[in-house]
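Line by line, the protein sequences are chains A and B.
In terms of the working numbering, the first sequence opens at residue 1250 and continues consecutively.
In terms of the working numbering, the second sequence opens at residue 2 and continues consecutively.
Since the hints were derived computationally from the structure, they do not count as laboratory data.
Quick caveat: nothing in here was measured; it's all calculated off a predicted structure.
We put the beta carbon where it would ideally sit given N, CA and C, even for glycine.
Check each hint, because a few of them may be wrong.
To be verified - Cβ-Cβ distance ranges computed for the label pairs, FRET-style:
1) B:Thr112 x A:Thr1358: 34 to 42 angstroms
2) A:Arg1347 x B:Thr14: 27 to 35 angstroms
3) A:Pro1328 x B:Asp19: 47 to 55 angstroms
4) B:Gly4 x A:His1259: 30 to 38 angstroms
5) A:Met1332 x B:Asp64: 25 to 33 angstroms
6) A:Ser1333 x B:Glu86: 43 to 51 angstroms
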Amino acid sequence: AQSVTQLGSHVSVSEGALVLLRCNYSSSVPPYLFWYVQYPNQGLQLLLKYTSAATLVKGINGFEAEFKKSETSFHLTKPSAHMSDAAEYFCAVSGSARQLTFGSGTQLTVLP
Amino acid sequence: GAGVSQSPSNKVTEKGKDVELRCDPISGHTALYWYRQSLGQGLEFLIYFQGNSAPDKSGLPSDRFSAERTGGSVSTLTIQRTQQEDSAVYLCAISGGGDTEAFFGQGTRLTVV
């Protein structure tokens, strides 16, 4: 069985500030972990993925995430928020089940 | 999303009618998924096709929902006797399986009135 918990359904940051979106997972086998972004009225776009290589994963648009097995976490960060980062972000895990299991999502608002 | 075309993009239907949603992926991806995204429920897995294997239907919410994939390519999700709670965005995704990422279509927004 696998599951994902995203802490904070809404996060607001000022433009230029650090972005931190939290994701904790549960998986009975070594997981594959993903972050997706969804802009309004669009499908999901992959930001980055962890597949048991480097624990620090760099993705598109300046985002990165660190896999911490001891904390079962895969938090998403970006050093400096941009207005265009405003969107909904989903953490997902796949492992024993072939399909992705998604977290409930975090809506990121970037304030000017 | 690149590589996955879904139609229609929007569908409004009357309660009790049947609807068909189409997913047309580019070739070369063996795995195809359907997800449902609705307010309050997040992203729910519905069904998964992998090659010639029997589909994983474990996420289908009721027997009113069915899906097929013809020739390992195009997939159709059918909802019979639609109910208002079926209103949602239905997303199709393709993947190479395993650790490869899934590519999502733009979705079909279904509204049952």
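In ascending order, which of the hints set out earlier in this document are inconsistent with the structure? Going through the list in order, the structure violates hints 1, 5 and 6 and respects the others.
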